Amino acid sequence: MSEMRYEAPKTLAAAVALLAAASGGARILAGGTDLLIQLRTGRIEPSLLVDIKGIPEMTSIVADSSGFRLGAAVTLMQLTEHQALAQEWPGVIDGIKFIGSIQVKGRATLGGNLCNASPAADSVPALIAAGAVASIIGPAGRRETPVAEIATGPGRTTLTPGEIVTALLLPRQARHSGDAYLRFTPRTEMDIAVVGAAVHLTLDERGICSQARVALGAVASRALLVPEAAAAVIGTRVDGPALACLAEAARAASQPIDDKRGTREFRLRIVGVMAQRAAEIALDRARRNS
Amino acid sequence: MIVASGLKYQARELKIVGTRPLRPDGVDKVTGRARYGADISLPGQLIGKVLRSPHAHARIKSIDTSAAAALPGVKAVISRDDFADMAEEYAAAGELTINFRDVTRNMMAREKVLYDGHPVAAVAATSEAIARAALKLIKVDYEILPHVIDVIAALRPDAPLLHEEQYTEGVNPRPARPSNLAKRLEFARGNVEAGFAAADTIVEREFTTKPVHQGYIEPQACLASYSEDGQAELWTSTQGHFVFRAQCAKLLQMEISKIRVTPTEIGGGFGGKNNIYNEPLAIALSRKSHRPVKMVMTREEVFRATGPTSGGHVKVRLGATRDGRITAATAELSFQAGAFPGSSVAPASMCAFTRYDLENVRVIGNDVTVNRPKVAAYRAPGAPIAAFAVESAIDEMAKKLGIAPIEFRLINAAREGTQTYYGPKLGKIGYIETLEAARAHPHYRAPLGPGHGRGIATGFWFNIGNETTAALNINEDGTATLIMGTIDVAGGSRAAMAMMVAEELGIPFDRVRPHIGDTSSLGFNFITAGSRGTFAGGMACVVAARDAIEKLRDRVARIREVPLEAVLWKDGHAVPAEGSARQFAPMSLAEIAGQAGKTGGPIAGHAELNVQGAGPGFGAHIVDVEVDRQTGSIKILRYTAVQDVGRAIHPAYVEGQLQGGVVQGIGWALNEEYVYDADGILANPGFLDYRIPVASDLPFIDTVIVEVANPNHPYGVRGCGEVPIIAPLAAIANAVENALGIRFYDLPMAPPKVLQAIDEAAAAASKA
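From first to last, the protein sequence lines stand for chains X and U.
Note that the numbering used here gives residue 42 to position 42 of the first sequence, counting from 1, and the numbers run on in steps of one.
Count along the second sequence starting at 1, add 290, and that's the number in the numbering used here.
Just so you know, these hints were derived from the structure itself, not from any lab.
Keep in mind that this is a model prediction, so the values were computed, not measured.
A hint or two may mislead.
[Unchecked claim] When the alpha-carbon atoms are kept at most 27 Å apart in a straight line, the in silico DSSO-like pairs for lysine-lysine are as follows:
| hint | chain 1 | residue 1 | chain 2 | residue 2 |
| --- | --- | --- | --- | --- |
| 1 | X | 260 | U | 690 |
| 2 | U | 1043 | X | 260 |
| 3 | U | 500 | U | 925 |
| 4 | U | 1043 | U | 690 |
| 5 | U | 925 | X | 97 |
Taking the hints into account, I'd like the entire structure generated from these sequences.
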């Protein structure tokens, strides 16, 4: 019978020290909505749980002129209730709202959703499309890395042993910009994305798309940033032909698998549909954002 | 003595029946105080866990439990050697029949494991963690065998064989070789060849449905305590504690009087809690460890090892004349029974066409063993599978003939006196009234949006009665305590029973407190199955109330020194009969009860019945759908369920039954299915990937209660819980056909399948 130790450090330094000393076998506990299930099914048997919810830096939201600093252990419900964030980054909130139930969102965190590294994580594509950056602390100090570069595959990340994502950094939303995230699931709620698509775009004064980022979920081993799909709408009015090109580029970039949640063929069929519909919502939001 | 068969329906003015009071179990459920299976604990209890087969089909060469037994904290380990082998012996369990030879093997594998999740051993330990660790120490040597899941594949001559001694029953001569076809049933009437020859149009189609689970929210949970003098107490979440007692007694070779079963609140069952699983294991572990043993299933265990319903394959052939008369109908239903024989193919076969008045019918039912958990009853067992096929074919036929679907059904509708093809003539039924109410509903006429589709389908279910008991104790203050033996499976039957008793006694509803008695407090009750709860339970409660009233009148006759005939019971009082020469001052129930001790002792009413005269129920459903042509996603826009329930004692809880049945049917139609991998391992044993509908998937389910009283019940009750799950599968498929022009023959109509069909239809159209 193996024993599991539980620690709830009050500072980042203490958390890093605990993780560094554990030499593997330690897991970070934030909301626990993924971790507890993995524990219960016996998929993981850690020797140490480091609960980071008692660390103030990780559980606060800071909004200033440079943007938003979202503590990695802030609950998703708190994020959905942050009015300025919802106003500027509705697409990020779209993704957050899709995660689990109200009860699950009352526990789950952005940092957890990112570091669990599921290819279907609903909050990740919109963060990538928004150009969000992860703030990381570890035995070697602090660093910042684009969210798109955290996950490398299912359950795998570029984080090194002892590193913790402390916050997600979002810039201020530019004028005439909008974002959106859509996913396909057989059910309307309480489901895992079969395909997810996030689009962020900016229009110039004439209504021409001057900047765009397109990110896809659940169609590869990790969420993908797809510059080809963005290129399809940049310089256009994001009209029918441009959207068709965006959809096609999204399909071309996808490398989905067959699994119990969907076939490769089906995912390829609908990834373009979801990307196009997300772009239409982002476009509408950009036009309203003057 | 009140004779139940004398309790015919009588229309009369009612004060309580038909109103909507709050259910007696409601507050405790809302506040969290209600005790479900897992809420019961005893001092010193151990935790029991089950080791389950990781293979779909394998021979057990050996089981070594020594290392597990040696683990500190482990107090007992059991496997096949701890249970007696059982001979073939059949017993009723809900709507399905069980065979103890198979029940003991399903509870704990003997020669072979027959499905992923089949119990192989169990341990009781001082903590769940130790119990889990002990399971890992049990060494089972398996010889893996080829497996088969699909029902048609299992019928092939070269299919892997589950039971080497299984020779098909119901065929003559007996087959030369064993096979997975356990039983073949045939129901026939008239001459189908002549009927088809007389037809102007024939529709012939094949349909398949996937296995689906009952999806109750509360996993099975029980607690057993076996004492040193050979007595066992069991607390469990069950639909039938008397039947569980009988099964445990048989499997453990105990006398029935030595087992007392107390039912807990039940968090849903839908047929899935008609069968024992961990209960005999918990008693055996307690017997071996001398400690109480608690066993709570995980959701994964519920999916892997408790009864889902069959996946089915149904061939239907219909013939009809130009003017809309069905001249012949045949069907062949092949159902997965799971690891052991005994699927719901028999009731499904009997339900297939019993909405129609047909001269020429033949239905064949095949009961097929496959490497899946043994199926259990699921709400109108088998009928939705049969109705999906038949009501889809009826829709197609109506379309071919250019007759509106409700009109086509009315032309052929079963009515009082219709001869069924499985035996009895139908008594007073309300199918026509139900169809007419559907046709008159605003939904039937409401304009459809662009690209939307509307579908109609109907369902029939027998409903049943069976053994039922009740006791009604008149308390000293004139209140009444009702002890029922039929489980309230959370549909609200406690409220309905108390309402009928209050109506009989003429006292307010809240003066009657209903409880479910344990197995030592009442005589045997059959399982709450077959929509019998309010029908049969209600009959027993009315009989008990009338028995009490007779005793109350007798007591007053003696107090007032008048003949019994001079005393009437009215509005909670004993009053002098009108016009009687022997007038006296009326006495209230409370007055009589207060003096009971001095006038002959406590007063109680009793009923011990085998209730007969169940009235069949019929439903007609209307549904509107929208199909997302780019993703294949189907949205239910509007749903109306119309049903003849005989009489709604508590209309709100009847509406709840109709809505719940519809929702389960929607899940079956659209998303629910067991997914097996290539090794026969269940790939989606959880609610994340086994997709029952969530609230946001559904519109408000509108209901229309039709009341064609059952003449064989004092309040006209038929029963209502099962009919509403029968029609949705076909109604939705018919609506999708109406929207897309594409008919789906295979469930679920999941988005990938729908999208592929849309693509294929578009490709075919562009070629043409």
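Hints, verified against the model:
1. The hinted pair formed by residue 260 (chain X) and residue 690 (chain U) fails the criterion: a straight-line CA distance of about 38 Å is larger than 27 Å.
2. Between residue 1043 (chain U) and residue 260 (chain X), the direct Cα distance comes to roughly 14 Å. Compliance with the 27 Å bound is thereby established for this hinted pair.
3. Distance check on the hinted pair: residue 500 (chain U) and residue 925 (chain U) sit about 20 Å apart at the alpha-carbon level, within 27 Å; holds.
4. For the given pair, residue 1043 (chain U) sits about 25 Å from residue 690 (chain U) by alpha-carbon distance, which is consistent with the 27 Å threshold.
5. The suggested pairing of residue 925 (chain U) with residue 97 (chain X) holds, with an alpha-carbon distance near 21 Å, which does not exceed 27 Å.
Consistency note: the structure conflicts with earlier hint 1 alone.
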